[in-house]
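Colleague: Read off the chains here:
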Amino acid sequence: MATATGIQSLPNAQNITRVVLPNGIVVLVYENFAAQSVVFTGTLNAGSIFEPFEKNGLASLTAAALMRGTKTRDFNTLATIQEDIGADVNVGGGTFKVSFSGKSLAEDLNVTLDVLADVLRHPSFPEQQVERLRAEVITGLKMREQDTRSRANRAFTQALYPPNHPYHYPRSGTLQTVPSLSLDDLRAFHATHYGPRGMIIVISGAVKAADAVALVSRYFADWDNPGQPEPPVLPDFSLPPTITRSRVALAGKTQSDIVMGVPGPSRLSPDYQAATLANSILGQFGMMGRIGNVVREQLGLAYYAYSAMEGGHGPGPWTIAAGVNPANVELAIDRALEQVRRIISDPVTADELADNQSYLVGRLPLQLEANEGLVGTILNMEMYNLGLDYLLHYRDMVYSHTPLSLLEATQKYLHPDRFVIGIAGPA
Amino acid sequence: MSGVTKHVLKNGLTVLLKEVHSAPLVSWYVMYKIGSRNERTGTTGVSHWVEHMLFKGTDQFPAGYLDKAVDRVGGSWNAMTSFDYTTYYETLPANEVDLALRIEADRMLNAKFDPEEVESERTVIISERQGAENSPGFWLGEEIQAAAFRVHGYHHEIIGDMTDLETMTRDDLYRHYRRHYMPNNAVAVAVGAFDSAELLAKIEAHYADIPAGEPPALFVRPEPPQNGERRVRVERPGGSAFVDLAYKAPSATDPDWFALAVLNSVLCGPDGLGGGSIDNRTSRMYRAVVETELAAGVDGSLSPTLDPFLYSISAVVRPDRTPEEVEAAMDAAIDKVVAGDITEAELARAKKQTRALFAYSAERVTMQAYWLAYCETIGDYQWFEHYMSRIEAVTLDDVNAAAAKYLRKSQRTVGYFVPTMGEGDDEGYDDEDEGEDE
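As you go down the protein sequences, you meet chains W and D in turn.
Going by my numbering, the first sequence opens with residue 2, and the numbers climb by one from there.
Going by my numbering, the second sequence opens with residue 7, and the numbers climb by one from there.
In case anyone wonders, no lab produced these hints; they're calculated from the structure.
Glycine residues also receive a C-beta, built at the ideal position from the N, C-alpha and C atoms.
Keep in mind that the hints are not guaranteed to be accurate.
Capping the alpha-carbon separation at 16 Å, the derived lysine to aspartate or glutamate pairs in EDC-like fashion look like this [as the list claims (entries may be wrong)]:
1) D:Lys12 / D:Asp260
2) D:Lys358 / W:Glu108
3) D:Lys357 / W:Asp85
4) D:Lys358 / W:Asp85
5) D:Lys74 / W:Asp352
6) D:Lys74 / W:Glu353
7) D:Lys415 / D:Asp341
8) D:Lys74 / W:Asp356
9) D:Lys342 / D:Asp403
10) D:Lys62 / D:Glu125
11) D:Lys357 / D:Asp404
Covered by chain W, per the in silico footprint, the following chain D stretches (three or more residues, Cβ under 8 Å) [said to hold, decoys possible]:
12) 29 to 38
13) 75 to 81
14) 128 to 137
Derived Cβ-Cβ restraints for the label pairs, each shown as a range [said to hold, decoys possible]:
15) D:Ser82 / W:Pro271: 47 to 57 Å
16) W:Thr350 / D:Pro261: 52 to 62 Å
17) D:Lys358 / W:Arg396: 40 to 50 Å
18) D:Glu204 / W:Pro271: 39 to 49 Å
19) D:Asp260 / W:Asp225: 51 to 61 Å
20) D:His13 / W:Pro271: 45 to 55 Å
21) W:Gly93 / D:Gln388: 36 to 46 Å
22) D:Thr426 / W:Asp185: 46 to 56 Å
23) D:Arg239 / W:Gln177: 26 to 36 Å
24) D:His13 / W:Thr175: 54 to 64 Å
25) D:Ala334 / W:Ser183: 29 to 39 Å
26) W:Arg342 / D:Asn116: 51 to 61 Å
Extracted from the complex, chain D is given alone in its bound form (with noise of 0.2 Å):
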């Protein structure tokens, strides 16, 4: 894959163009380098609240303005807060690209962050963050993140802590977005059907101008070596345990990120980038803990980021099973590849899977973008560009090695959730099927 340009205007507004004309359309994705792993305690959960704030309004763009001009013209819209980043984005036919640069044009700048929305958003920030709490899931991985990271960022979740939800003001939240959003803290992106000399005129026409800011200085602070393996255990109602193996991980820039993403898919079947996913029946730990019947499903989870993070492998444990069961049967399996047992056959199955969930992501052009705006942010978009051939040049040598150096419990936590009623018997809920009247 090839075709994208990079260009750097006067302020600073890293801009990548790629063409694709299979489709009358075009993805623009605005992406700041500013995500949760930046925030400190107080104030987390400030990034994506400051980035439900930018839908509510500019002078020149009201409140409720640009969702509604977005879906007049069939475009889709949303916008994405992560660890590393913040990020908004249009996909619009292509001849409604303008839209998509006057509204991030506009909204770099201008958002009013007025009180009384402020206020209206934090209760639907609390409602976000009430609704994942509802799913268990959501619980353990809150536990395991805290765990993990003593000191970096990413010990505590995107959405933020309750209390902070609670407590941040509108001056926490404008002071954020005002030393984090500018062109030169920006990477900004098109896919699509256009040509890239005219689409960067209008780019240059619509950004050139916003002043370039003084570089923010990140709040970030180095996770400590590890030393020694961590547990936590969450214990509230639920319809079942899991157990979760979560092990340091490397960056995304680290060359040993690729040999990790190959020995998961060996180990738990392949990760795509978007545009599909396929089954993980075949895989060594589908084998370990479905089929011998102690887990009713299993996953693993590597996810690129820019500072370590972690590899996760997660098991749904089967009502008539214990999480210590499926922990030690996760361990037989992990204990293997680390010994050496991957195959060279194995190797290149993994290979041809990346390689066909690969092209399958590249059929999007909102896909695209992403990857694109996400690369650059961490680093370099050729990344995503080079995606491939990185993953084809991993050894096995390389698997062996980062099995090795990352399967290691001393740089692991355990979670475990284990629920404290139900099981999926009446026990502890009503049904109550009453007609009222009103």
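Next up, chain W with everything else stripped away, as it sits in the complex (with noise of 0.2 Å):
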């Protein structure tokens, strides 16, 4: 585990084991005995930038299928096996990547990889079982139209990306996509883009390296799906001339939802370190930030009002969000972008910097402190290509940083004549 002075002793390419199958499939293993779980987290290349718009809501409702039955496993059994131990195995589907997780009691690890294998690689997608989520989807799909948090983001996001773009596209789908697919498209895509080639694993927890490489070689060494395809090259777009609002009315809600931005960078952007610390600074530190200072502190006008980057392979939004009084929509969105302003005209100040680089090396502990946080932290390093020794150099690349630096980030994406305004709120 790491700890307070030995900066050695943080996840790094000694202490990871890392292990590349003939097929393709990066595993990395982090033994900590601290614990008695042990965790796994991973992802496959089979998101929803795969599935042809028409068809929106195929990728994520093929990954929640599979835990519905495999080829010698039904429903039931598939369910009472991770139950009958107190264990988890989850699979959902995210915009590039499907991602998967379990967790169980450590001697348990030889259980929850079986089944996460047996599901990823031979589902059978039952048609009874298939409707029984469909609908089960459904009820939740209706439950968030009438979501005004849910809506002001979707009207947000709708706005922000056009339409041949697909972040246009809820990743679960919608009430007209997800009655049409059919059980033939839920084969076919898992057929065409469940495989080895792209796939990670990191597990963590109190088990011995070699053994948990064994496991994952035991079963998944053999799977091989050669036509397996790239991920599209997304498409380029811009960003309206003005100010876009972009409004949902409901009936019987008090409070109105705002989400408002433009596209953020990615996690592969050479400066999506600036712009964390920028976007810290803007709406996450303390009371969130400077946005969460003037709407909450001093104007009291909201329970929540922060700044979110999503970062992610592609332009993830870079976003505000606040629920406000109806009355005071137009004040909270105007106070949100002189802060905006500010933010893009003036560097930030040198305590403010400091203050920020210290928080982003001085929360590693705590989020490498179990088992979820050092894989999900693993599973980062080697997927954005950050290198396995990314949390020895963390330091050193956090305060690398100046206000110019975080200036120039900023100014490359924050457009506040530009902003695109998502809000939901009462008829």
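Please dock the two separately framed chains into a single complex, following the hints provided.
Modeller: This is how it looks when you write it as structure tokens:
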């Protein structure tokens, strides 16, 4: 485990075991005998960017349907295997990737990996189960239709990203598309996109690295799918020339939710770190940064008002979100935009930068306390090519930034006169 | 699990220490024995609002100081108000624990409650309530509590009734603070990488001179017996219907609580103590209402509470089904367990699940410190220490007896949320994608 003084004990190339199986699967293991559990997480190249727009929701439904039955185990058997031992395996669709995770007591890693391999490799998509799942998904979508935060976010996303861009479409699909996805669609999507190429699995817990690698190898080494396609290239697009609003009115609501912003840096961008520091100052640090200070602390307009950067493999959004009384929507937007204008005009102060550098570096012990934080951090290092010694260099990287490098990053991305604003509130 | 030491300072502050050296962190909780259960009509929500005001400054640490100070060292911090307590915590790198000790010692006594800050926070809290009101589940929960508890303070939401949030004064808040915030009405807990003797000396240095106060007389009105089933129905715009069966449940310190917890595992799937959860697809209730395609999901909830609260089973009704159909199927599943249908195998399985979830909950110092503080607040920290052995000791007879005793229709409140429109079609709202110049 990390210690306050021993930076060499952070996860790094020396204490992470990294093995590439012959079929391309990257296995990373971090031994952590302080815990009784073992946790894994990982990704496959089968996210929603691979689905046709008219079949929006296909990647997500396919991922969710994996646990509904395999060629040798039905839904109940799969559930019983996990729940009997207090274990949990999940698969869920993202934009670029399908993510999976599992947690169990350390002695049960073989069980959770067996379930994972079975559902990823041999799903049977039983009709009755898929229809039941579809009805549950539709129920969830109907609830989301009435959720102001969800609707504000969707209004924002659809106005920001054009219809020829995968980010325009909600990952879970819509009430129009989900009913029309067929079993054959699911089976074809799985057959085409699920495979070992590009797969990463990270394991942390009370297990020896060699044993964990051997288990992954036992369940996955003979997996093959030569036809797995490369991710499509995302189309270019430009921001609207002026501020654009998209409003959704919902009956019976008492508060309006606002989501506003622009495309931000991808995790792969060289200025991601500078933008992260700037975002922390803008809407995270302390009580939600400068935005929280003005909108919540000074004006009392909102319980929550913060900024967030999604990152990811593409131009994920850089947003400001707030929930306010409907009468205060325009005031909250104005004050938030003032803070955006300020952060692209004036360099942040030396004190602010120092505070936020200290914050990003100082929170590593908390981030790495438990297995979930460890596997998530190691997965990011692998997935975004940060290098396994990333954490050893992290402090120097964070402290290499200056008020000017932050200013450059904010000026590149944040254009307050071209913000897209989604608002959902009472009719 | 063991290793907890308990100390009571001369001013009555109870201190629990537990060394955990697996990560270089310390979690520090100060929990006050005051929550929404003790609030009177007219000042409902006062505990939660006071909690907010403790972030608004003292002479030593002005507003905005402490959240930044904790972030600066990479810590996490928060505060929570519940039925039974109001609590504050910081989890920090171990070498920064002094900061947490200083912050909590200072604001136990010196929060300013500046009138302008009170007014600014009023709208923040109203916004917090309005945000919750946007969710249909909030309305149903509020109605169920109000129906289930006619007399006891559990009858109102922790955040308080809107009318009280609009009218409560600075003096109401300050009076509540002075009456309840004192060392002899608090439990302080540290879990993490420290030397107990050294840390105790530091705690003495920061807290021992805070004067004890007059022990507060708590406003508690026991709930009278319930004479028959109660039913509430909330009709509002929403995306789907819900059914909630809320049975009167024993307090956490009642021996029956553990039998009911095991029963809940069998009926609705196990509840963790934080640190991870698992699915409930093999539970009896899932099979009764989700596999039969009546509901999209079902969940059971049994919180440990100081006074008897509720054991709730909630289902999300599928759009093509009715709340009545779901309720009937839930009742059929409940009737079976009341009739003694649970097997030894189910009991053993519930215990194994609980063991796993309990192990997960011990992996974060923040969770351990929370549970020790909460259990000491409601009676004895050993409730958490003995949690697994109490679960292991539950027999099939205990489970059957708990089912017969608590799952009675006469002792429940049934709540329906019925959406008045929508069901996901476009009726009732407008989508406009307008480009607007500014």
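Colleague: For the pair supplied as a hint, lysine 62 (chain D) and glutamate 125 (chain D), is the alpha-carbon distance within the 16 Å limit?
Modeller: holds, 12 Å
Colleague: Verify the proposed pairing of lysine 357 (chain D) with aspartate 404 (chain D), using a straight-line Cα cut of 16 Å.
Modeller: holds, 14 Å
Colleague: Using the C-beta atoms of arginine 342 (chain W) and asparagine 116 (chain D), is the stated range 51 to 61 Å upheld?
Modeller: Between arginine 342 (chain W) and asparagine 116 (chain D), where Cβ atoms are some 37 Å apart, the hint is violated.
Colleague: Given the hint that lysine 342 (chain D) pairs with aspartate 403 (chain D), test it: the Cα-Cα distance must not exceed 16 Å.
Modeller: holds, 15 Å
Colleague: Does aspartate 356 (chain W) sit within 16 Å of lysine 74 (chain D), going by the straight-line distance between their CA atoms?
Modeller: With Cα atoms ~8 Å apart, lysine 74 (chain D) and aspartate 356 (chain W) stay inside 16 Å; holds.
Colleague: Verify the CB-CB distance for aspartate 260 (chain D) and aspartate 225 (chain W) against the hinted window 51 to 61 Å.
Modeller: With Cβ atoms ~58 Å apart, the hint holds.
Colleague: So the hint says 47 to 57 Å: do the beta-carbon atoms of serine 82 (chain D) and proline 271 (chain W) match that?
Modeller: Roughly 29 Å apart at Cβ, these two residues miss the hinted range, so it is violated.
Colleague: Given the hint of 29 to 39 Å, is the C-beta distance from alanine 334 (chain D) to serine 183 (chain W) inside that range or not?
Modeller: holds, 33 Å
Colleague: Against chain W, does the stretch 29 to 38 of chain D show at least 3 residues with beta-carbon separation below 8 Å?
Modeller: holds (count 3)
Colleague: Verify the CB-CB distance for lysine 358 (chain D) and arginine 396 (chain W) against the hinted window 40 to 50 Å.
Modeller: Given a distance of about 43 Å, which is inside 40 to 50 Å, the answer is holds.
Colleague: Has the hinted range 52 to 62 Å been met by the Cβ atoms of threonine 350 (chain W) and proline 261 (chain D)?
Modeller: The hinted range 52 to 62 Å holds for threonine 350 (chain W) and proline 261 (chain D), with Cβ atoms some 59 Å apart.
Colleague: Counting residues of the stretch 128 to 137 of chain D whose CB is closer than 8 Å to a CB in chain W, do you get three or more?
Modeller: holds (count 9)
In terms of the numbered hints stated before, the structure departs from hints 1, 15, 22 and 26, listed from lowest to highest.
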